[in-house]
Amino acid sequence: MSKASVVILGLFAAAALVGPALAPYHPRDEVDAPLQRPSARHLLGTDGVGRDVLSQVIAGSRVSLAVGLSAGLAATAVGVLVGLLAGYLGGAVDALLMRAVDVFLCLPRLPLLILLAAYLGAGPAVLVVAFAAISWSIPARVVRAQVLVSKQRAYVASARLSGARPLYAMRKHILPALGPLVMAIAIMETSHAVMAEAGLSFLGLGDPTCVSWGTILHHAFAYPALFLGDLWLSWALPPGLCLSLLLLGLALMGMSIEARLDPRLKGTRLG
Amino acid sequence: MSARIGQYILALLVVLLLNFAVPRMMPGDPAQSLTNTELDTPFQLDEETRGRLLRYHGLDRPLPQQFLAYLGNLARLDLGYAIYYKCDVSALIAERLPWTVLLAGVSFALSALAGVVLGTIAACRQGTRLDRGLVASLLAVRAMPAYLTGMLAIVLFSARLKLFPLGGATAPFARYASAWAAAGDILWHLALPALVLSVAQTARVFLLMRNSMVLVLGEAYMTTAEAKGLPWRRRVFRYGMRNAILPVYTRLGMQLGFLVSGTIFIESVFHYPGMGRLTYEAALVHDYPTLQGIFLVTALSIIGANLLVDCTYHLVDPRVRRAR
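Read top to bottom, the protein sequences are chains V and X. Residue 254 in the working numbering is what sits at position 254 of the first sequence, and the numbering runs on without skipping anything. Residue 60 in the working numbering is what sits at position 60 of the second sequence, and the numbering runs on without skipping anything.
If you are wondering where the hints come from, they were derived from the structure by calculation, not from laboratory data. Keep in mind that a hint or two might mislead.
If you only want the chain X side, here are some residues facing chain V, beta carbon under 8 Å, derived [as the list claims (entries may be wrong)]:
| id | residue |
| --- | --- |
| 1 | L139 |
| 2 | F265 |
| 3 | L284 |
Using N, Cα and C, we set each Cβ at its ideal position, and we do this for glycine too.
With the sequences and hints as input, model every part of the structure.
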């Protein structure tokens, strides 16, 4: 596991866990005059209505991580379940589930999420469910391919011959062998979910009562003169950079797991 | 092949069903939301008006009949009426779509080319400083959301260096002396958004191509080619890239999906008058029929692109041609 990714993800996890308690102001309180440049009182200045940007960025890390992780894990869980059932049971179950996977692979994910968020409201719960409902197809396909390989192993065959029921064999013999693969998938789906949450909030489709990085960017970009002064440096850049850094951390972690799964891809150690 | 086409028809059906069902899953009374105003106290409807309103919109009929009516409207290219823009959704999309096709098309071509070339170079130099540098920088680029890269590009190249316009697709109120002047202006406005979009997209193609090429370079036939003394250029182009590009090609259809979501953010940031900017605006003003129309057209184009990749795959992989 690459050290850089552990450091990055650890930092964000710490910010999400204890950050809001240490933040100087409440992220939604209008505490000072709007559009202030960075100062000792407000390290990243204030936004268009006078809220402290630093406190908002810290609060945003909690929303991004919580929504991203739960949506990513939900999508992975559905995908693993479908892939496991399709791969191990085979036959009609497999054919049916894989047709569904093929159909879902063709759907444009972000436009569909936008449509769902616009109509059903974009509370965190809706987002998690909608994301999982749309994104399970790729994990399912990858897991199924791996299950088909593991199924041929001698120990699985001997378990089956000694009378192991499908559910028992899947739980005891197939699932444990999937560990690292599932982790790589979960990381990829989490980064997609983080990006989706930020994107929806950036478009103004997020939950208006939550402060996330996307929401900060949404308000910043709605301010007409953002690029004319140096306001963008303290207002729009910090949440954007946090988002990029989190996604980079996830990508690096994903790559190092991928290289472990397929040693031929090694040789590109990224510190 | 026919199985693939069946699958795309099924996907199309799911898209249509979703487009039909999602608005009907919305909580609350449709008649009430049709008369929804910005007032705090909702407009009180009496039974008769309510019934007439539902009948007018066909909402009193059973769902299967409503779905058939919806399909009938689609067949006549009637995508509904844009609440905010006060015109037909199809007219709105017809006006915006060409800009997105231009932006996405140019970015797609640029990024496919750059991604394949850079990916091959990195794979041939696997493990060197060049490879590591390329992977790290393109990973960082991929992690940047399109609106952040777009913002940085605007600040640097437009606001500071004044090399490119701040946004839009043409100069406002422009009158052109000739078609050349018009094309020049359009290209000048296109350059920055297209570049930003293709940079982000290049990273995806690059990582795919690099991994695929690394795996091909490890194959036994590559060692054989080297052992029998084939020149470097022939080995990389005819033996390596020719094989490594296959999985990249199959993923291009899916890449188009990422490209479309990229245009949403790039067009919003650059005020580019395409479908992406329309998505942003329609979401802001809650123009639901427009969002539905956009989803339908986007889904259609992605399904179409996947179909195109499938139909042309035999041109890239001669083994498939023989199997057919």
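Kindly indicate which numbered hints from before are broken by the structure, ordering the numbers from low to high. none
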